[in-house]
Amino acid sequence: MFSTKYFLSGGVFGLILLMVYFFSLPDGKLHIVFCDVGQGDAAYIRTGNGQDMLIDGGPNDKVLTCLGNNMPFYDRTIDVVLLTHPQKDHLQGLISVLERYSVKYFVIGVEGNNTEGYRKLADLIKNKGIIYKNLYQGDNFLLGDVRMNVLWPEKKWVADRIQSSEFRIQNVGVAVLGMSTDTNINDFSYYLHLSYGEFDALFSGDGDSRIQPEVMLTANLPDVELLKFPHHGSKTGILPEFLDKIKPETAVISSGKNPWGHPTKEALQLLVERGINILRTDKEGDIEFQTDGTHWGLN
Numbered sequence: 001m002f003s004t005k006y007f008l009s010g011g012v013f014g015l016i017l018l019m020v021y022f023f024s025l026p027d028g029k030l031h032i033v034f035c036d037v038g039q040g041d042a043a044y045i046r047t048g049n050g051q052d053m054l055i056d057g058g059p060n061d062k063v064l065t066c067l068g069n070n071m072p073f074y075d076r077t078i079d080v081v082l083l084t085h086p087q088k089d090h091l092q093g094l095i096s097v098l099e100r101y102s103v104k105y106f107v108i109g110v111e112g113n114n115t116e117g118y119r120k121l122a123d124l125i126k127n128k129g130i131i132y133k134n135l136y137q138g139d140n141f142l143l144g145d146v147r148m149n150v151l152w153p154e155k156k157w158v159a160d161r162i163q164s165s166e167f168r169i170q171n172v173g174v175a176v177l178g179m180s181t182d183t184n185i186n187d188f189s190y191y192l193h194l195s196y197g198e199f200d201a202l203f204s205g206d207g208d209s210r211i212q213p214e215v216m217l218t219a220n221l222p223d224v225e226l227l228k229f230p231h232h233g234s235k236t237g238i239l240p241e242f243l244d245k246i247k248p249e250t251a252v253i254s255s256g257k258n259p260w261g262h263p264t265k266e267a268l269q270l271l272v273e274r275g276i277n278i279l280r281t282d283k284e285g286d287i288e289f290q291t292d293g294t295h296w297g298l299n
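So in full-length UniProt numbering, spot 83 of the sequence shown is number 83, and the numbers just go up one at a time.
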C-alpha cells in the first residue's frame, strides 16, 4: 500500500542529499588545509575546479578525518599524493589513505628505508598500479590552475648520495623506489612552491637549516604569502637568511605532543621578530586557508 509518510520522508532525505551535494561542489577558490595529525605533517589542497593533492599523511590515520571533513562525500579519488620524505610522521597515514582512496599519481623520492611502514607503502603503490614519479628541482606540474614547482632536491645532489648503480644508470623518466643512502633522510625533503595567481606558498617537509644553503644556492626562491614551517618548528628548522629571502606573511607549524619541545622558542622567536603571523595545528586543530588568487585568508 502506498504510504504518504514514507514518500515524504524519502523526499526530504533526497532533498538533503541534493543540498549537501550542491554545497560541496567546487567554489572556484583554492583551499589549503593543514591537517591536525599530531606530531607530523599532512596538508590537503583542493583547487577551484575540484582537483586535489595531499602532501604527506602524518603518523597515524587521523588524516582520514581531515580528508573526510574537507573532501566532498562523493569523492573517493585524490589526483596527486606526495611524500616529502620517508619518515613515519609523514608516511604512516598515507598507508590508510591508499587503502581507502583511489590515487592517480604518487610523487616520491628515490630514497627509502627498511621500515615496515615504508615497505607497506611501496607495496601498495605498486600493487594498486598507481603511477609514481620521482621529481627534482626544476620540475613542475599543474593541478587545475595551480602550478607546483619543485625547488628541492636537485638531481645531481641526490645521485651523489644514493648508493645504487641502478639509480645512477637509470633511463631518463624511469622512477625508482627504496634506494639506500647514508645521508640524513630529512635532507631529501621536497621543497614545493605553490603558485596561484598572485598567491604563493612554500611547503618544506623536514628539510632544515642543514640543507637550506644548498636550496638557496641552486633554486629560484620566491616571495611567499604562506610558509609551512620546516621540521615542526625545530630549533634548526630554518635559517634567518632563508626566512628573510622568502618573506612569508604567515607561517603554519604542524606539531603535536612530542619530547623535543616543538615548536621551540628559538623557532617562534625568529617569526615574532619579523612580524610573521604564527598558526599551530597543536593549538588550532585543522587550519584552512582559501584564496581566489588575489585575496587570501583563513576560511
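Hint data in this document are derived by calculation from the structure and do not stem from the laboratory. Idealized CB from N, CA, C, for every residue including glycine. Each hint should be verified, as a subset may be incorrect.
[Said to hold, decoys possible] DSS-like mimics (lysine-lysine), calculated; alpha carbons at most 25 Å apart, straight line: (1) K283 with K88; (2) K133 with K155; (3) K29 with K88.
[Claimed, not checked] Derived Cβ-Cβ restraints for the label pairs, each shown as a range: (4) P259 with Y74: 22 to 28 Å; (5) I130 with E249: 43 to 49 Å; (6) T183 with R100: 15 to 21 Å; (7) I278 with A175: 18 to 24 Å; (8) I278 with P213: 32 to 38 Å; (9) R210 with R76: 38 to 44 Å.
To see whether the hints hold, each was checked on the structure:
no.	hint	result
1	K283 with K88	holds, 22 Å
2	K133 with K155	holds, 13 Å
3	K29 with K88	violated, 32 Å
4	P259 with Y74: 22 to 28 Å	violated, 41 Å
5	I130 with E249: 43 to 49 Å	violated, 35 Å
6	T183 with R100: 15 to 21 Å	violated, 33 Å
7	I278 with A175: 18 to 24 Å	violated, 37 Å
8	I278 with P213: 32 to 38 Å	violated, 24 Å
9	R210 with R76: 38 to 44 Å	holds, 39 Å
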